[in-house]
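Undergrad: Protein chains in written order, with this note's numbering: chain A, 1 to 386; chain B, 1001 to 1244.
Check each hint, because a few of them may be wrong.
Said to hold, decoys possible - Straight-line alpha carbon distances no greater than 25 Å define the calculated DSS-like cross-link-like pairs of lysine-lysine that follow:
1) Lys204/A / Lys1135/B
2) Lys1023/B / Lys1073/B
3) Lys126/A / Lys1079/B
4) Lys1077/B / Lys228/A
5) Lys1023/B / Lys204/A
Stated by the list, open to error - Listed next, with one range per pair, are the computed distances between beta-carbon atoms:
6) Asn1071/B / His16/A: 46 to 56 Å
7) Met1086/B / Val125/A: 29 to 39 Å
8) Leu352/A / Leu1113/B: 39 to 49 Å
9) Pro1177/B / Val125/A: 39 to 49 Å
10) Asp1006/B / Val125/A: 25 to 35 Å
Claimed, not checked - To spell it out: a stretch of chain B is covered by chain A in this simulated footprint if at least three of its residues, at any positions, have a beta carbon under 8 Å from a beta carbon of chain A; those stretches are:
11) 1005-1019
12) 1074-1087
13) 1097-1105
14) 1108-1118
The hints are simulated quantities; they were obtained by calculation from the structure and are not laboratory data. Computed from a predicted model, the values in this text were never measured in an experiment. Cβ coordinates follow ideal geometry from the N, Cα and C atoms, glycine included.
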Amino acid sequence: MVTTYIRRAYSSFVAHVFDIPARLLAFLLFLTLLFIPFAIQNTYYLRILILANVLAIFAVSWDFLVGRTGQISLGHAIFFGIGGYITALLSSSKFFGLPIFLTIPIAILAACIIALALGIPSLRVKGPYLALVTMSFPLILAALLKWYPLNHIFKGEFGIRGLPALVPRLDWMTIGQQRVGEYYVTLILLFAASVILYKIANSKIGLVFVSILDDELASKACGINVTKYKLMGFMISGLFGALAGCIQTHLLRFANPPMFALTLSFLPVIVTFLGGLGTIYGPIVGAYIYYILDSYVLRDWLPRFLKETVGVTLPPEFDFAKLLIFTLIVLILVIKLPRGIAKFTTDKLGDLEEARDLDERGPRIWKTYKKKEKTTSTGSEPTASS
Amino acid sequence: MLEIKDLTVHYDGAMALNRVSLKVEEGEFVGVVGPNGSGKTTLLRAISGVLMEIEPGKKERPSLSGSIMFNGKGIDKSKAWNITKMGVIHCPERRRPFAEMTTLDNLRMGAYLRKNRSEIKKDLEWVYELFPILKERARQMSQTLSGGEQQMLAIGRALMSKPKLLLIDEPSLGLAPLLKEAVLKVIKEIWRSGVTILLVEQDVAITLASAQRIYILAHGRIATQGTKEELMKSRDVREIYLGL
Ligand SMILES: Nc1ncnc2c1ncn2[C@@H]1O[C@H](COP(=O)(O)OP(=O)(O)O)[C@@H](O)[C@H]1O
Ligand SMILES: [Mg+2]
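Starting from the given sequences, assemble the full structure and let the hints guide the process.
TA: Given below as structure tokens:
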């Protein structure tokens, strides 16, 4: 009984994961992520991976909005910042002192409503114009937060500090154990967020987004309430963007105006293009590449290498040059590898796959229907080709 | 079924339709012919409601006056998707299907508002019967279809919305003569199956050959209307508007 069940589960696993190169790769990467804490004992490095998870959630939400619904936002930091600030205000012991399992959902809901407002320009303008309009939103809010009459609430540049931690450190825990806990919490949230967004993107709703992106007028002629879907795209994206902001706030235990900074609006763009636009999984790969490059290579290895072999000490201004380096990398990628690293890899693997099995490809949206269709069409094929 | 009274449309101050009145009875096949720029597309867009929708990049909404009634209900203030819901389906001009989708998904998008799966399936079979080539191309990305196939798919997609009144905008545009005939033949077949049709065309010959009643649109006005025989009787109409 149990053995047959296991055997069936195993064979379906082989058929659905092992036999498909791209999925096998994804599975192996997932396993790696799952076991990394056992390999890395250094809490500093683990911290960086935790932040990579948060950035990945944030970038995936951006990718959904831009890559799947086609609405360019260069002001995604607004969701990050709003999520962060609301949960900060509500959970701070100086204000409401609510527990974070309440404040995070409230912050996310509030961000959804803000997303609705942010989505309204998308009904009027698109492309670069929309990008510019959205870009201004977080900057306005950041200015408001620093406005001195509000300093008793928002504490200006200093930000709201001393917030409850995402994973509280219990008496028996070492810092390392707390980090491992944080790592798994963020990993699970990343996994959940990307699976949900991926499912939405490949559902009937996703198809509607594709149609609006392609031809608004024809979508309306199909009876699609375009306004509703556009705002919905912003809300879904804003929800996960705010989630990322909330997580980071409680990881770092403070919320400050740089959460609304331009850098945070551009980071998801950079990592999404690194990984592959419109793929959902691409930004995850991109976020990890970004953090590995940023923290291990540029911050650790390069200064050490230069100091030891060349004898040059990098000035602190080098931090500024980092964004420049990333911009250059993205520039080269956009020209040389416009699909992004992850998408390029899966496409290559997909070609292998295609050579083997031409039939099963294409979106699986109308799966059940296609199955039936296939049986009938194979029957009529000889007449069609003759 | 459809009754338009004194419909006037201005784009940014420029008049595109000037007091157009027009009637389509249930089960009729009505044609509107007119040269380029006479306002045919504007007319259909006004009926289906897409004319007054806000669209990104559009500077100003056109202004519209007069009334459009569908089955006794005023629809000139309704949203496009609501009008679609009522069964007025617009097959837009020069419209390629959704490019990033397969043929089948395009047809499914047409049935977006419908719930009854078995009926949808029946209609899909019907579309495949009308355009067998679409069945062969079912899983091909629609951007790789030929121009004729794309026009067929556009009509097929409109049919999947279960139209009571089908508005077709220049289906012959850019098609080879033989293909034009084929597409028109299918449109007639759709009409015979009980769908009321309002066809808008530049091509006088094919419209005269298929529609029961024809309106002649010139510079945004209805110049005259009648059956093919009535129109052909007048030498002025023949020479000035029909070029025959
Ligand atoms: N979006 C628009 N903005 C301004 N003027 C327009 C617009 N669309 C059409 N027009 C003008 O309205 C008139 C009618 O156009 P149209 O309805 O497309 O005619 P047809 O379909 O018969 O070629 C033309 O003079 C055209 O220039
Ligand atoms: Mg036209």
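Undergrad: With a Cβ-Cβ cutoff of 8 Å, does the segment 1074-1087 of chain B contain at least three residues near chain A?
TA: Coverage by chain A holds here, the residue count being 5 at a Cβ distance below 8 Å.
Undergrad: CA of Lys126/A to CA of Lys1079/B, is that 25 Å or under?
TA: holds (21 Å)
Undergrad: Does the Cβ-Cβ separation between Asn1071/B and His16/A fall within 46 to 56 Å?
TA: Once the Cβ atoms are compared, 50 Å apart, the range 46 to 56 Å for His16/A and Asn1071/B holds.
Undergrad: Take the C-alpha atoms of Lys204/A and Lys1135/B, compute the straight-line distance between them, and say whether it is at most 25 Å.
TA: Satisfied, since the Cα-Cα distance of roughly 21 Å is no more than 25 Å.
Undergrad: According to a criterion of three or more residues whose C-beta lies within less than 8 Å of a C-beta of chain A, is the segment 1005-1019 of chain B covered?
TA: Not satisfied, violated; 0 residues make the cut.
Undergrad: Test coverage of the segment 1097-1105 of chain B by chain A using CB-CB distances below 8 Å; three residues minimum.
TA: Holds, because 8 residues of the segment 1097-1105 of chain B bring their Cβ atoms closer than 8 Å to Cβ atoms of chain A.
Undergrad: Taken at face value, is the distance from the CA of Lys204/A to the CA of Lys1023/B at most 25 Å?
TA: violated (37 Å)
Undergrad: With the threshold set at 25 Å, check whether the alpha-carbon distance from Lys1023/B to Lys1073/B stays at or below it.
TA: Given that 25 Å is the threshold and the Cα spacing comes to 14 Å, the pair holds.
Undergrad: Quick check: does the Cβ-Cβ distance between Asp1006/B and Val125/A fall within 25 to 35 Å?
TA: holds (34 Å)
Undergrad: Could one say that the CB atoms of Leu352/A and Leu1113/B fall in the range 39 to 49 Å?
TA: holds (40 Å)
Undergrad: Would the pair Lys1077/B and Lys228/A pass a check requiring their Cα atoms to be no farther apart than 25 Å?
TA: holds (18 Å)
Undergrad: If you count the residues of the segment 1108-1118 of chain B with a beta-carbon closer than 8 Å to a beta-carbon of chain A, do you get 3 or more?
TA: holds (count 5)
In terms of the numbered hints stated before, the structure departs from hints 5 and 11, listed from lowest to highest.
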